[in-house]
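Asker: Given the structure of chain A, go ahead and fit chain B onto it with the hints provided.
So the sequence lines, in the order shown, correspond to chains A and B.
Going by this note's numbering, the first sequence opens with residue 1, and the numbers climb by one from there.
Going by this note's numbering, the second sequence opens with residue 1, and the numbers climb by one from there.
Any given hint might turn out to be false.
[To be verified] In silico BS3-like links for lysine-lysine, alpha-carbon gap of 25 Å or less:
id: 1; chain 1: B; residue 1: Lys67; chain 2: B; residue 2: Lys132
id: 2; chain 1: B; residue 1: Lys132; chain 2: A; residue 2: Lys184
id: 3; chain 1: A; residue 1: Lys184; chain 2: A; residue 2: Lys286
id: 4; chain 1: B; residue 1: Lys67; chain 2: A; residue 2: Lys231
[Stated by the list, open to error] Stretch-level coverage of chain B by chain A, calculated; a stretch enters the list once three of its residues show a Cβ under 8 Å from a Cβ in chain A:
id: 5; segment: 20-28
id: 6; segment: 81-91
id: 7; segment: 95-106
id: 8; segment: 109-119
id: 9; segment: 124-131
Think of the hints as simulated: they come from the structure by calculation, not from any bench.
Ideal Cβ placement from N, Cα and C applies to all residues, glycine included.
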Amino acid sequence: MTLLENLFDADAPETRGERVQAMLFELISVLLCAGYAWSWVEPMTHQRRVVRALGLANYLDVSPLFDLRFAVGNAALISCLVAVGFVLRQRLLYLGAALLLHLQFVARHGMGKVSHGSHLVGTALLALGLAALFVQPARVRRAALGLTVFLAGLGYTSAAACKLIATGPRWVDGHNLWLWISEKQLDLTAQHGSAQLNLLQAWLMQNRTLATAVLLIGLSTELLAWLMWWKKLRPLVMLAVVGMHLGIQATLDVAFTANVVVLCTVALPLAAWIDRYDLRTAKKTKRSSNARDQVGAA
Amino acid sequence: MLLLALHRGEFWPFSIYPMFSRGGRAWSRPLVRDVSETVPTSWEAGALAGRAFPLDRAGLDQNDLGKLLVLFQDRLEPDEASLLEGLFAGVRMQHRLLIYRVSGRLAESGAEVVLEQHPILLIDRAGARSLKDTLR
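Bound conformation, chain A alone (with noise of 0.2 Å):
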């Protein structure tokens, strides 16, 4: 199986539980990807100027969406669209929306500071349009699902070599992690007035070799994303980055919550499970209807 085929599989007939797996992956995107753009919108108007020009902010003055009646309007439309984009399966709608969220995402972050939970969810509406102007329409969804595996394990490795390039094989120093803890509980501080460390953070804080193990698993589980363009190690590897979200998050209190919603959507077995069950029931009724049979010939 080329790698083509493992990650469009283009050519296999798609089944029920495929069908019903592929339209939550569809569903939960564009949920995530509204939610965003309405949680952008009260950050967005304590801003009065881009200190930091991301992305299309670069060429367009994105100023206007400090606005509060702009951010909403822009939030309401991206909704629009994604709603309308689901239910009538208009799909190429999502292009629109995923550019009307770039601005409201340049915009949000326009103070300089990118924050990555929205990447993930972002590439899907992005891959769903896409899919949508280049594929056949019964293939959409797969076409979809294919590309962003493809844009997470290639992200997910792209952040490992990142670290690598930047701070060399020393990166797993669990010394770093101390600084990181340290870091987020001042962060945590300054956001909420105080901040404790948790079990975890302290049993981490006084001992530096559990500290670079740590590490060691997060950067060897990131550099081997993609791996999860095969089929076959994809929920394995699927799962195994949904743990070092969970790894992050216990250890910096950082939350991936849109990427391990999507990661689990995309790795568990889902279609498989519906398919077996589909599988049972119609051997159970095809026995029931022979037995019937049976007794109506008698």
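Answerer: What follows is chain B alone, placed relative to chain A:
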């Protein structure tokens, strides 16, 4: 790839995901304190003055403030002051706020992380100004 190459590795939803890539380096983050009831004579490094002021109360994000702090040098330019005044518009009429730059680094012994705090900015109904300007 081209978009990422032309936009410093970030073009939503594409990214090279550079977070946490630089390990082992000292960090600097802001910490806001409410000094409305503190006599403004002892803005010194070391002890934190006043009471905690959670950014949640102003609807602000620590990450946004943190990035501004990186850009800020000793003197506050008028547009930087205006930016800070806009961020704290909802609270600066009722509170006098002191922003500290808190730095964290590994102790020379390598046994712990050492924190140091330096007051740098004051924000209140009169506006935002650097502490150096205030004490001149």
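Asker: Against each hint, give a clear statement of whether it holds in the structure.
Answerer: Results for each hint:
1. B/Lys67 / B/Lys132: holds (20 Å)
2. B/Lys132 / A/Lys184: violated (28 Å)
3. A/Lys184 / A/Lys286: Since the Cα atoms of A/Lys184 and A/Lys286 sit roughly 60 Å apart, the hinted pair is violated (cutoff 25 Å).
4. B/Lys67 / A/Lys231: Not satisfied, since the Cα-Cα distance of roughly 40 Å exceeds 25 Å.
5. 20-28: It holds, with 8 qualifying residues against the three required.
6. 81-91: n = 5 at 8 Å, threshold three: holds.
7. 95-106: holds (count 4)
8. 109-119: Holds: 4 residues of the segment 109-119 of chain B have a Cβ under 8 Å from chain A.
9. 124-131: violated (count 0)
Violation of the numbered hints given earlier is confined to hints 2, 3, 4 and 9; the remaining hints are satisfied by the structure.
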